[in-house]
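*Asks:* Sequence:
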Amino acid sequence: MEGIIPILAVLLLAASIGVFSFQLKAQQRLKIEVRKKTAEIEELRQRYVQESTASRRLDKTAFHLFILYQASKFLNSFYKAGDLLKYAVDMFAEVIGSNEALILILDTERAEFLVGASKGLPQIENLKLETDSPFFGEAPAIEAVPVDRLKRAFFGESAPEMQNHLMALGIQITVPLVHRNEFLGFVGIGKKISQENFSHDDLELLVGLANMTASALENTRFMQMAVIDNLTKVFVTRFFHQCLKEEIVRATRYKRTVSLLIVDIDHFKRFNDTYGHLTGDKVLREVAQGIKNTVRQEVDTVARYAGDEFVVILPETPLEGATVVAERVRESVDRLDFEQHFKVTLSVGVANYPNNAASHTELLDQADKALYRAKEAGRNRVCTAEELVPSSDGSLESSAYELAITDYLTRFYIAPYFRQRIDDEIKRAKRYQRPCSLLFLSIDKYVNYQEILVRKEFERLIRTLADYLWPLFRRGVDVAGRYTKDKIGFILPETHTVGALQLAARILDALEQQAFPGFECLGRITVSCGLATFPDDAGDAISYLDRALMALRVAEERGGNVVMAYSALAEEERV
Numbered sequence: 219m220e221g222i223i224p225i226l227a228v229l230l231l232a233a234s235i236g237v238f239s240f241q242l243k244a245q246q247r248l249k250i251e252v253r254k255k256t257a258e259i260e261e262l263r264q265r266y267v268q269e270s271t272a273s274r275r276l277d278k279t280a281f282h283l284f285i286l287y288q289a290s291k292f293l294n295s296f297y298k299a300g301d302l303l304k305y306a307v308d309m310f311a312e313v314i315g316s317n318e319a320l321i322l323i324l325d326t327e328r329a330e331f332l333v334g335a336s337k338g339l340p341q342i343e344n345l346k347l348e349t350d351s352p353f354f355g356e357a358p359a360i361e362a363v364p365v366d367r368l369k370r371a372f373f374g375e376s377a378p379e380m381q382n383h384l385m386a387l388g389i390q391i392t393v394p395l396v397h398r399n400e401f402l403g404f405v406g407i408g409k410k411i412s413q414e415n416f417s418h419d420d421l422e423l424l425v426g427l428a429n430m431t432a433s434a435l436e437n438t439r440f441m442q443m444a445v446i447d448n449l450t451k452v453f454v455t456r457f458f459h460q461c462l463k464e465e466i467v468r469a470t471r472y473k474r475t476v477s478l479l480i481v482d483i484d485h486f487k488r489f490n491d492t493y494g495h496l497t498g499d500k501v502l503r504e505v506a507q508g509i510k511n512t513v514r515q516e517v518d519t520v521a522r523y524a525g526d527e528f529v530v531i532l533p534e535t536p537l538e539g540a541t542v543v544a545e546r547v548r549e550s551v552d553r554l555d556f557e558q559h560f561k562v563t564l565s566v567g568v569a570n571y572p573n574n575a576a577s578h579t580e581l582l583d584q585a586d587k588a589l590y591r592a593k594e595a596g597r598n599r600v601c602t603a604e605e606l607v608p609s610s611d612g613s614l615e616s617s618a619y620e621l622a623i624t625d626y627l628t629r630f631y632i633a634p635y636f637r638q639r640i641d642d643e644i645k646r647a648k649r650y651q652r653p654c655s656l657l658f659l660s661i662d663k664y665v666n667y668q669e670i671l672v673r674k675e676f677e678r679l680i681r682t683l684a685d686y687l688w689p690l691f692r693r694g695v696d697v698a699g700r701y702t703k704d705k706i707g708f709i710l711p712e713t714h715t716v717g718a719l720q721l722a723a724r725i726l727d728a729l730e731q732q733a734f735p736g737f738e739c740l741g742r743i744t745v746s747c748g749l750a751t752f753p754d755d756a757g758d759a760i761s762y763l764d765r766a767l768m769a770l771r772v773a774e775e776r777g778g779n780v781v782m783a784y785s786a787l788a789e790e791e792r793v
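Numbering follows the working numbering, in which position 277 of the sequence shown is assigned residue number 495; successive positions increment by one, without gaps.
Be careful, since some hints might not be right.
[Stated by the list, open to error] DSBU-like, lysine-lysine: derived pairs with alpha carbons at most 35 Å apart:
(1) Lys410 with Lys298
(2) Lys510 with Lys451
(3) Lys298 with Lys473
(4) Lys463 with Lys473
(5) Lys451 with Lys304
[Claimed, not checked] Label-pair ranges, simulated between beta-carbon atoms:
(6) Glu330 with Arg456: 27 to 35 Å
(7) Gly717 with Gly494: 13 to 21 Å
(8) Gly717 with Pro572: 40 to 48 Å
(9) Pro735 with Gly494: 21 to 29 Å
(10) Gly338 with Asp491: 53 to 61 Å
(11) Gly300 with Gly338: 29 to 37 Å
(12) Asp491 with Leu554: 44 to 52 Å
(13) Ala444 with Glu549: 26 to 34 Å
(14) Val716 with Phe560: 29 to 37 Å
(15) Lys663 with Gly539: 52 to 60 Å
No lab work stands behind these hints, which were simulated from the structure alone. Note that CB positions come from ideal geometry on N, CA and C, so glycine has one too.
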């Protein structure tokens, strides 16, 4: 037994040493495994952080690109610079998260910055900031900078008061508006609502939006050049037609109303002939400005319709309201004072959709007809599509002016006014692309009748003949004038050559069957007829008149009681 015990002790010691060694190795392996797993976890964590950061950057980049895309789409949808700037200043403030923003536009002629639009900055609409910057036409670096660097970024060392003004308004960041190296102005942004500092991403986004705004602003300037009449600074005819169509569509959709004014300067040709074209241009500018000052800004549309005509679209305005506006327009121009001390008056035609017309073309036609009724009633007055509105002195049919332009024998228009009406009707025919015929009648044996009859009897003959002829024409449509002592002219709107020939033939037939009591000694009274038609025979008022008279002379040379059309005469010459 005594020999066995030491052996057992040795064995137990060896076993315990083996177990300890095994445990030690196991612990070492575990530590290695833990370190390995820890390294893997750290690697995974770092990868996650990197991917999360990249994802956030990607999300932010995608968000910024989306903002820029949306901004580009909306910014380029404006044709008025004012509307564009109002949208842009809201966009800058909302995207950055600020309650204050403004856009200052550079006026290079006056060397000052004007407020184009603002948000959260009341009472700065009339703010003007003068500048003596030396680099007009040269753009500063396109970068968003803190306002305390404004001097260096925009003006070098000049105009330090600009910085003080903006800091007083709470502006913290400024971004220039630059298009093709031309400095247009700049955007100012106030502090963030979150009180956070502006990040690098914020500044990059501001620069991108500023570039888009500058490009869109320049586009609106080109668009304005395309749709604004250079002389009068109101819209051109093409743009007016587009606006009128859109307003009619809108009025139809929402069951609203829209009215139209057509404004004509009375005897405008007289101003050009008497005072020269420079004075005529001044009259046009003053009248256009007077109309713009009378109607609603940003609501009503004023356009130059023809040489001396203007049109005004009045959305959501009934006929009664439009008539009041028309009277205000007329009165505002009536009060204008020119250096030469002449008087400028207006005739205005008014029509309403849907009361007087079912489409934009019909609305134009109704307003145009109302305008011509206003002219025929003595001018310097407003006429609606439904009734005549007296001028301020209450006169209408018996006005002194109307008596002055009417021939006392025939009660037709005198020659100068008749020629003016020819000009007016040709303008109208061109505008609506419609025909217009001019028919002249001359009394055959006129000289013989003068010799046979005493003066009073001869005048009674002329009056009787005029009274007989006039019912054959359309009252309120055709225009009659005594062109010379023996020639009477009739303007036949919307009448082709065939229609005018048929009318002339009816006149000859009617005269052949008509007896004139008291003038039996003269035998049968006959007339010669000559006519021309726009645009078939002539392209302007002068050639139109000449060719109708030429056709009349040929009819007279062929013995009288003959109808001759210029088109037939031209065909004979070709043959």
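*Asks:* Against each hint, give a clear statement of whether it holds in the structure.
*Replies:* Quick rundown of the hints versus the structure:
no. : hint                           : verdict
1   : Lys410 with Lys298             : holds, 29 Å
2   : Lys510 with Lys451             : holds, 10 Å
3   : Lys298 with Lys473             : holds, 27 Å
4   : Lys463 with Lys473             : holds, 15 Å
5   : Lys451 with Lys304             : holds, 22 Å
6   : Glu330 with Arg456: 27 to 35 Å : holds, 34 Å
7   : Gly717 with Gly494: 13 to 21 Å : violated, 41 Å
8   : Gly717 with Pro572: 40 to 48 Å : violated, 31 Å
9   : Pro735 with Gly494: 21 to 29 Å : violated, 54 Å
10  : Gly338 with Asp491: 53 to 61 Å : holds, 56 Å
11  : Gly300 with Gly338: 29 to 37 Å : violated, 18 Å
12  : Asp491 with Leu554: 44 to 52 Å : violated, 20 Å
13  : Ala444 with Glu549: 26 to 34 Å : holds, 33 Å
14  : Val716 with Phe560: 29 to 37 Å : violated, 44 Å
15  : Lys663 with Gly539: 52 to 60 Å : holds, 58 Å
Checked against the numbered hints given earlier, the structure breaks hints 7, 8, 9, 11, 12 and 14 and satisfies all the rest.
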